[in-house]
Amino acid sequence: MFTSSLNNNTIKNIVLVCIADLIVGISYGALAHSQGFDLWVPLTLSILVLAGASEFLFIGVIFTGGSPISAALAGLLVNSRHIPFSFAVSELVGKGPKALLGYHIMNDESVVFGLAQESDKEKRAAFWLCGIGILICWPVGVLIGEGVGSFIQDTQMFGMDAMFPAIILALSLPALKDKRLRLAAIAGAIIAVATTPYLPAGIPVLMALLSLVIYIRS
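For the sequence shown, the numbering used here gives the first residue as 58, with consecutive numbering after it.
Quick caveat, the hints were computed from the structure, so don't treat them as lab data.
Check each hint, because a few of them may be wrong.
What the hints assert, rightly or not - Simulated restraints on C-beta separations:
#1 Asn-65 to Ser-147: 24 to 30 Å
#2 Thr-121 to Ile-201: 23 to 29 Å
#3 Ser-207 to Leu-105: 24 to 30 Å
Unchecked claim - List of simulated lysine-lysine pairs, BS3-like, C-alpha gap at most 30 Å:
#4 Lys-178 to Lys-236
#5 Lys-152 to Lys-69
#6 Lys-180 to Lys-155
#7 Lys-234 to Lys-180
#8 Lys-178 to Lys-234
#9 Lys-69 to Lys-155
#10 Lys-69 to Lys-180
#11 Lys-236 to Lys-69
Cβ atoms here follow ideal geometry from the backbone N, Cα and C, with glycine treated the same way.
Modelling step: build the complete structure from the supplied sequences, incorporating the hints.
What follows is the structure, encoded as C-alpha cells:
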C-alpha cells in the first residue's frame, strides 16, 4: 500500500531507521529491567506514548525517586515539540478516526521522512510507512530488551543512546542545503548546547526552537 508510492532507496532508509529504533528499544527495555520496572511499565509506555525521549525520561525520574505525576509532566514537556510537528504534517495524517492513529505515530523520524518527499502522495506514504514501522519495532525492541536485561549490566556502554540523535542528524542533512534552514539549525544547536548545563533534560531542545525566528525573518 505505502511502498508502491516510494522508491526503493526511501524504503530502504525507512527500514534501516526502524531497525535502529528497535535497537534503541532494546536498550530502553534493558534499562527499565535493570532499574527494577515490571515489564508492563515500559511496554505500555512504548505502545501508548511511543516517544523514546520522554519514555527514557519517565523511568529515569521514577528511578531517582520522583513521583509518577512529576515524571509524566516532564515527559509531556519534552513531547511538547510535537505541537509544531502536528501543524507540519496536518495534511499527511488524514481526517476522522484515521487522524487519531496518524497523530499517534507522529515522531521525529516519521515527520522527517514525510516532509522530505517531493509529491503529496510520497509524503503521506513515507510518513505512514515509517510511523507504523516504528509503532511495531519499538515495543518489540522493549520486549527483547526486557528479556536480555539481566545480561546487560550497563546499557550505555554500547552507545545505543547516541543512535537517536545520529538518526535525526543523518535525516536532516539534506535539508541543510537551504541557507535559511542551515542558519536556524546552527543557532538552535548553539542554544541547546549553551543551555544544557543549566536546564532539565529535554528543555534545551525546546529552547532551540527559538532559532525558528531566524528562519521566519530571513
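Tested hints:
In this structure, Asn-65 and Ser-147 meet the distance hint of 24 to 30 Å, their C-beta atoms being roughly 28 Å apart. The given range of 23 to 29 Å is respected by Thr-121 and Ile-201, whose C-beta atoms sit roughly 25 Å from each other. Taking the beta carbon of each, Ser-207 and Leu-105 are about 25 Å apart, inside 24 to 30 Å as hinted. About 27 Å separates the Cα atoms of Lys-178 and Lys-236, which keeps this hinted pair within 30 Å; it holds.
For the given pair, Lys-152 sits about 28 Å from Lys-69 by alpha-carbon distance, which is consistent with the 30 Å threshold. Taken as a hint, the Lys-180 and Lys-155 pair is honoured in the structure, with Cα atoms around 16 Å apart against an allowance of 30 Å. Taking the CA atoms of Lys-234 and Lys-180, the gap is about 19 Å. The hint holds against a cut of 30 Å. Our distance criterion of 30 Å between C-alpha atoms is met by Lys-178 and Lys-234, whose separation comes to about 23 Å.
Among the hinted pairs, Lys-69 with Lys-155 is consistent with the structure: their alpha-carbon atoms are about 26 Å apart, no more than 30 Å. Distance hint between Lys-69 and Lys-180 is fulfilled; the C-alpha atoms sit about 16 Å from each other, no more than 30 Å. A threshold of 30 Å between alpha carbons decides the hint, and for Lys-236 with Lys-69 the separation of about 28 Å falls inside it, so the pair holds.
Going down the numbered hints, you'll see the structure goes against none, and every one checks out.
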